[in-house]
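Chemist: In the order they appear, the protein sequences are chains F and Z.
Per full-length UniProt numbering, the very first residue in the first sequence carries number 1; after that it's consecutive.
Per full-length UniProt numbering, the very first residue in the second sequence carries number 1; after that it's consecutive.
Just to be clear, a hint being listed does not mean it is correct.
Calculated lysine to any residue pairs in the SDA-like style (CA-CA distance at most 20 angstroms, straight line) [said to hold, decoys possible]:
(1) Lys-204/Z x Arg-135/F
(2) Lys-125/Z x Pro-102/F
(3) Lys-106/F x Asp-119/Z
(4) Lys-65/F x Leu-24/F
(5) Lys-212/F x Asp-20/F
The set of hints was computed from the structure by calculation and includes no laboratory data.
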Amino acid sequence: MIEIKDVYKKYENSSYPALDHINLTINDGELITVLGTSGCGKTTLIKAINKLHDIDSGEIIIDHKNINDVDGVALRRTIGYVIQQVGLFPHMTIAENIATIPELLKWEKDRINKRVDELLEMIDLPKEYKNRYPRELSGGQQQRVGLVRALAADPHIVLLDEPFGAIDAITREHLQDELIRIHKNGNKIFIFVTHDLNEAFKLGDKVIIMDKGRVEQFDTPDHIKAHPATPFVKKLLGVAYD
Amino acid sequence: MIKYWIEHYDKFMVGLVEHLQLTVITVFISIIISLLITLLIRKYKRVQIIVNGIFSGLYSIPSLALFAMLIPFTGLGLETAVIVLVIYNQYILVRTNIAGLDQVDSHIIEAAKGMGMTDFQILYKVQFPLALPIIFGGIRLATISTISIGTIAAGIGAGGLGRLLFEGLRQMNQAKVVGGTILVIILSISIGRIFEIIENNLKKNFGLKS
Ligand SMILES: Nc1ncnc2c1ncn2[C@@H]1O[C@H](COP(=O)(O)OP(=O)(O)OP(=O)(O)O)[C@@H](O)[C@H]1O
Ligand SMILES: [Mg+2]
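In isolation and in its complexed conformation, chain F is listed as follows (with noise of 0.2 angstroms):
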């Protein structure tokens, strides 16, 4: 479970505060998706989750822990994190890269090899790319590699932040399926950031509605056409099913 109670953050020389006292409980199981347009501050709520970001007040707490008391380094090897523009590492093959954190947490050989043919199996990439470098393979590979590769070592939480970014529509469906599917083998929290409504709404058992830094509206993608929150919101759905 993610407890986050009164979060506020401003960075320095911006005009609005990027989280602006946002309140949210998040429980175990729950795939979660964040849409917002860009700045207002999606990636900087998922990086306050794994402190990659300080926040300026408030509390995050997970599994009832206080994150404030948890050491960065450990909690992020916990925490599986898609960042927005991939991040593959070019000098590591494609085992390598998606043996990342299994190697930091020192897991045996055996095992790690088990586990990057049973993810790249999970993405359908045959087991020849294994040696190949990122360079090598498509965008929407690529992508899919920096999926697995954030679930490597079975985390309990997942962050992913625009992981479809720029795949086209039809492969972004499947990859949309894909994670569907790989939520529902786990009591896992996903939460999953994007600024396409479809899919927030197609994805997210939950959906955060985020402008300027405030949370609009989180509740069911039911609930949330049927009765939309605030005028931001109605505007927004306004706009896509018109």
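For this one, chain F is given, so just place chain Z with the ligands on it according to the hints.
Modeler: Just chain Z with the ligands now, kept in the frame of chain F:
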């Protein structure tokens, strides 16, 4: 001239071997010191500017003047030559080391951090390997510069191909001067070439170049 070369073949070979020795020792020490300096200052932009300023100042002192300044402390010979050449090399190496580390895509570093790597792990698992082709380019430059400035080191008794040049000038022996010069050039070009091959292989291995 060629007859002189063949007759004094051994003299040239001794010069060549000495020169190689001087170069290898100098470059090896230079690399270690430059890496230590890089490690210390990599995070501090202001310190980098100061350190760079100091080394570029030292680099602009003519080598004979630097030798002369050091002789009271370290005397004539190889040691003084190595110290001077190592100082010169810092100007080249520290700059390229830091440029190499800085050019690594910030998103890749962020991904590494986001996966729970410590600062040091990010440096040696990600940043350093990705910077290696550029760092290596700096080492190549430093090596070639060592070979060429190293000829002057003969002036303080450090031996090498420079001794042939100095002797040749004093004895007005053109064959000696030309032969020594040709060997310096051959040495520079072949070592430069070897380094280029290694550099290209590095880039290929790291998947940075196809
Ligand atoms: N490191 C930073 N320093 C200063 N301001 C920042 C920094 N990172 C983000 N901001 C600002 O904070 C606000 C929120 O940024 P954030 O990256 O969280 O937005 P986002 O919702 O992820 O946007 P996008 O959809 O474009 O990725 C923006 O106004 C942005 O300009
Ligand atoms: Mg973002």
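Chemist: Of the hints stated earlier, which fail here?
Modeler: none
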